[in-house]
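Here the protein sequences line up with chains A and B, keeping their order. So for the first sequence, our numbering puts the first residue at 6; every next one is plus one. So for the second sequence, our numbering puts the first residue at 6; every next one is plus one.
Among the hints, a few may not be true.
Note that the list lumps identical chains together, so a pair holds whenever it fits in one copy or between two copies.
Below 20 Å or equal to it, Euclidean Cα-Cα: the simulated EDC-like pairs (lysine to aspartate or glutamate) are [what the hints assert, rightly or not]:
id	residue 1	residue 2
1	Lys398	Asp388
2	Lys418	Glu18
3	Lys418	Glu372
4	Lys242	Glu40
5	Lys398	Asp120
6	Lys312	Glu40
7	Lys242	Glu43
Note that these hints are calculated values from the structure, not bench results. Please read these numbers as outputs of a predicted model, since none were measured by experiment.
Protein chains: 2
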Amino acid sequence: MAGEFFNVLPPDEARALLRQHLTAVLPTETLPVPEAVERVTAVAIRAPHSLPTFRRSTMDGYAVRAADTYGASESLPAFLQVIGELPMGQPANLALLPGQAALIHTGGMVPDSADAVVQVEHTQVVSQGVAGHPDTARDTLQFPLEIEVLRAVAVGQNVLQIGEDVPKGAQILPAGHWLRPQDLGGLLALGITEVAVTRRPRVGILATGDEVIPPAQTAVPGQIRDINSYTIGGQVKQAGGIPIYGGIIPDDFHALQTAAASLLAQTDMLVMSAGSSVSVRDMTVEVINSLGKPGVLLHGVATRPGKPTIVAAVAGKPVLGLPGNPVSAMIQFDMFGTLALYYLQGMPTPPRRSVVWARLTQNIASESGREDYIPARLSDGPDGLLATPVFGKSNLIYTLVNADGLIKVPLNKAGVPGGEWVEVRLF
Amino acid sequence: MAGEFFNVLPPDEARALLRQHLTAVLPTETLPVPEAVERVTAVAIRAPHSLPTFRRSTMDGYAVRAADTYGASESLPAFLQVIGELPMGQPANLALLPGQAALIHTGGMVPDSADAVVQVEHTQVVSQGVAGHPDTARDTLQFPLEIEVLRAVAVGQNVLQIGEDVPKGAQILPAGHWLRPQDLGGLLALGITEVAVTRRPRVGILATGDEVIPPAQTAVPGQIRDINSYTIGGQVKQAGGIPIYGGIIPDDFHALQTAAASLLAQTDMLVMSAGSSVSVRDMTVEVINSLGKPGVLLHGVATRPGKPTIVAAVAGKPVLGLPGNPVSAMIQFDMFGTLALYYLQGMPTPPRRSVVWARLTQNIASESGREDYIPARLSDGPDGLLATPVFGKSNLIYTLVNADGLIKVPLNKAGVPGGEWVEVRLF
Chain A
6 MAGEFFNVLP
16 PDEARALLRQ
26 HLTAVLPTET
36 LPVPEAVERV
46 TAVAIRAPHS
56 LPTFRRSTMD
66 GYAVRAADTY
76 GASESLPAFL
86 QVIGELPMGQ
96 PANLALLPGQ
106 AALIHTGGMV
116 PDSADAVVQV
126 EHTQVVSQGV
136 AGHPDTARDT
146 LQFPLEIEVL
156 RAVAVGQNVL
166 QIGEDVPKGA
176 QILPAGHWLR
186 PQDLGGLLAL
196 GITEVAVTRR
206 PRVGILATGD
216 EVIPPAQTAV
226 PGQIRDINSY
236 TIGGQVKQAG
246 GIPIYGGIIP
256 DDFHALQTAA
266 ASLLAQTDML
276 VMSAGSSVSV
286 RDMTVEVINS
296 LGKPGVLLHG
306 VATRPGKPTI
316 VAAVAGKPVL
326 GLPGNPVSAM
336 IQFDMFGTLA
346 LYYLQGMPTP
356 PRRSVVWARL
366 TQNIASESGR
376 EDYIPARLSD
386 GPDGLLATPV
396 FGKSNLIYTL
406 VNADGLIKVP
416 LNKAGVPGGE
426 WVEVRLF
Chain B
6 MAGEFFNVLP
16 PDEARALLRQ
26 HLTAVLPTET
36 LPVPEAVERV
46 TAVAIRAPHS
56 LPTFRRSTMD
66 GYAVRAADTY
76 GASESLPAFL
86 QVIGELPMGQ
96 PANLALLPGQ
106 AALIHTGGMV
116 PDSADAVVQV
126 EHTQVVSQGV
136 AGHPDTARDT
146 LQFPLEIEVL
156 RAVAVGQNVL
166 QIGEDVPKGA
176 QILPAGHWLR
186 PQDLGGLLAL
196 GITEVAVTRR
206 PRVGILATGD
216 EVIPPAQTAV
226 PGQIRDINSY
236 TIGGQVKQAG
246 GIPIYGGIIP
256 DDFHALQTAA
266 ASLLAQTDML
276 VMSAGSSVSV
286 RDMTVEVINS
296 LGKPGVLLHG
306 VATRPGKPTI
316 VAAVAGKPVL
326 GLPGNPVSAM
336 IQFDMFGTLA
346 LYYLQGMPTP
356 PRRSVVWARL
366 TQNIASESGR
376 EDYIPARLSD
386 GPDGLLATPV
396 FGKSNLIYTL
406 VNADGLIKVP
416 LNKAGVPGGE
426 WVEVRLF
């Protein structure tokens with residue numbers, strides 16, 4: 006009987022084994038860049054031109070020839086003649102002769118004849134009795150205008166050079182990159198308005214169990230409502246996937262096999278929340294093995310909660326048999342399902358986890374050789390965060406509802422004493 | 006001139022000031038629970054009934070009267086007669102007499118006459134020559150069946166009590182709670198299939214600047230593409246809002262005022278990416294003050310990048326004037342805009358930031374009295390993560406594209422030496 010052979014692997018080995026078998030490739034689709042946040046690039050992207058495309062001032066001030074300012078100081082200022090203003094959004098056509106300068110605004114184009122910008126705070130207008138920041142007094146300025154430069158500038162100072170942000174032809178994003186808001190900005194700045202991304206993975210979700218009823222139904226004693234479909238559905242959405250709910254299947258091999266085969270054919274990944282008893286788990290193993298090769302890769306992970314997790318692959322697609330226990334199901338989906346979704350989307354490594362460090366308020370027990378996840382509430386303490394374990398049996402969903410995260414006790418540790426700093430994964 | 010009066014506040018004071026003025030309340034809408042992930046509860050929710058509603062076994066094994074097992078051990082087992090099987094999903098009607106037990110599966114209902122469950126691993130079938138786990142051998146079992154119990158159980162052992170997950174009437178979620186996948190599970194487990202949430206906030210976004218053109222347009226020298234609208238739009242989406250793009254407005258008071266007033270009337274929050282020069286900032290201040298009361302709350306935050314940020318409120322709605330510099334705009338939106346979106350949605354405190362700790366690979370300079378954010382790449386080091394600052398002027402969007410997060414240098418620190426551990430906000 007399959008139930009007696011538990012091939013229990015440490016989590017890292019289990020994940021590596023799963024990954025090795027995920028060979029299905031999602032198709033690509035093209036999206037307008039502003040719509041592509043939290044999608045994954047399908048191909049590497051290069052800069053079609055340099056950015057910036059022209060030399061830009063980083064300050065309000067005066068475009069100058071740097072040599073004209075050498076040696077300038079408060080006590081011995083350099084005198085320059087400002088011959089005009091460089092308008093925003095237009096080519097800088099003013100030609101400066103030695104001793105001349107041009108009024109420039111932050112982001113404005115620096116003319117070819119200038120090689121630096123003196124910021125306005127280091128200058129003083131000597132003619133015209135202009136008060137305040139010349140940038141706000143623009144309307145009253147008349148050129149030519151005499152200024153004193155109170156500090157020398159070096160060649161290139163306060164000037165963004167062509168290609169300083171990104172040079173033409175450089176790879177700006179690799180394939181498999183999870184697009185963040187700044188990445189959209191990087192693309193649009195270069196005039197790239199569409200991006201090829203992997204299609205969002207569709208995840209089939211089945212619940213099994215003779216005792217399981219839809220959430221809208223009234224339960225009689227002995228029955229429980231299906232929540233795993235929807236907790237996992239929420240996790241699928243958070244990892245960029247689309248949940249396809251396959252409903253509740255009775256504990257019957259042929260019913261489950263038919264439903265699983267049909268759902269897997271329409272989706273990129275299949276998750277079965279497989280009841281809690283050994284017989285149901287065994288049936289799930291047999292059903293998965295009947296779907297195709299290689300089938301079940303491992304049946305058990307050295308974690309708590311969640312040891313009896315079935316990790317499988319069928320024709321390159323991930324298939325998971327999660328424990329019926331809602332806490333285990335969520336934690337195990339997070340360990341394998343979320344990861345598989347990132348891999349399916351083409352990411353070589355998943356995004357970094359949201360973790361915080363917190364001081365444990367009391368001892369927690371654990372077994373060495375097993376990775377433990379303990380729900381905890383976070384609060385502010387005198388020297389950082391405090392993590393207080395949420396008590397309750399590991400199959401109570403409210404232990405997770407009442408928690409802010411999961412304390413991770415690594416494989417090689419037997420418990421953690423109160424007062425120690427622990428890693429808490431926001432969950 | 007407004008530009009000369011910079012009311013610069015530390016970030017925490019600035020945030021508190023903004024919050025105080027956010028009195029606009031978003032309307033509520035009702036959603037099916039499975040659709041409500043990452044939405045915010047509008048009202049507190051109480052448990053309509055206890056969970057579980059019946060006593061459930063946490064193990065595969067036998068429902069027993071605990072007293073029948075007292076003193077049982079491997080060398081001196083207790084003998085019990087198993088009179089039947091408790092089916093999943095049905096009321097447990099078997100009445101156990103002293104000395105009797107019933108086969109039960111994980112999650113199954115414990116009959117009134119039993120007060121504990123002995124897990125199957127601590128029993129042995131003495132009659133019938135049944136091999137293996139009786140749960141997988143169900144079809145071959147015949148009752149009555151004689152078993153030996155090898156370990157005593159206490160009253161209540163391996164049994165979930167009624168209301169142990171959550172008692173009837175308990176508050177299960179407060180108002181203003183950001184719904185996570187487990188929260189959906191907690192609601193559905195109680196038969197709550199719809200939830201009242203605040204409507205997603207609509208955020209009007211305007212770009213200003215004579216030099217700014219739409220991203221799809223070809224730039225001539227002096228022009229730059231509008232990226233701030235879309236980086237901020239991405240941030241808005243990530244915080245639960247809906248961006249409404251108002252386009253690019255020329256540097257003209259009346260044009261900007263008309264566009265801002267019209268967009269603010271249709272939305273819950275207004276963000277202007279306000280160009281970089283002092284004159285444009287001054288104009289933005291005047292425009293915001295013309296929109297309504299109280300108007301500009303502060304004009305300058307003690308952070309780098311991003312000092313010249315305009316934080317305002319108009320008729321209870323947040324209004325931000327962000328620097329034109331794309332890096333400052335994103336960091337400042339994250340500090341004020343993201344926060345305002347959470348407050349608008351009714352959250353008393355924003356969700357915890359995603360931060361990691363990493364060892365700094367080289368010295369970084371900073372000024373005391375200012376909170377600095379320095380883009381950094383993360384990599385794996387010998388004792389945890391390493392953070393390597395990304396160099397480049399603070400207005401280069403690719404410093405953020407090439408970064409994994411932002412190193413935060415607190416207000417009271419003047420730089421950080423290489424080798425120290427720093428907080429890196431994933432960004």
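Each hint tested on the structure:
1. In this assembly of identical chains, Lys398 and Asp388 lie within 20 Å of each other by CA distance neither inside one copy nor across copies; the values are 30 Å within and 34 Å between.
2. Taking identical chains as interchangeable, the C-alpha atoms of Lys418 and Glu18 lie at most 20 Å apart only when both belong to the same chain, with a minimum of 18 Å there against 42 Å between chains.
3. When the C-alpha separation of Lys418 and Glu372 is checked against a cutoff of 20 Å, the pair qualifies only within one copy, where the shortest distance is 7 Å, while the shortest distance between copies is 42 Å.
4. Taking the shortest alpha-carbon separations for Lys242 and Glu40, both the intra-copy value of 16 Å and the inter-copy value of 10 Å come in at or below 20 Å.
5. In the homo-oligomer, the alpha carbons of Lys398 and Asp120 lie at most 20 Å apart only across protomers (17 Å), although the nearest pairing inside one protomer, at 70 Å, exceeds that limit.
6. With identical chains, the CA atoms of Lys312 and Glu40 are never at most 20 Å apart, being 39 Å at best within one copy and 30 Å at best between copies.
7. Taking the shortest Cα distances, Lys242 and Glu43 sit within 20 Å of each other both inside one copy (11 Å) and across copies (10 Å).
This entry does not satisfy hints 1 and 6, going by the numbered hints stated previously.
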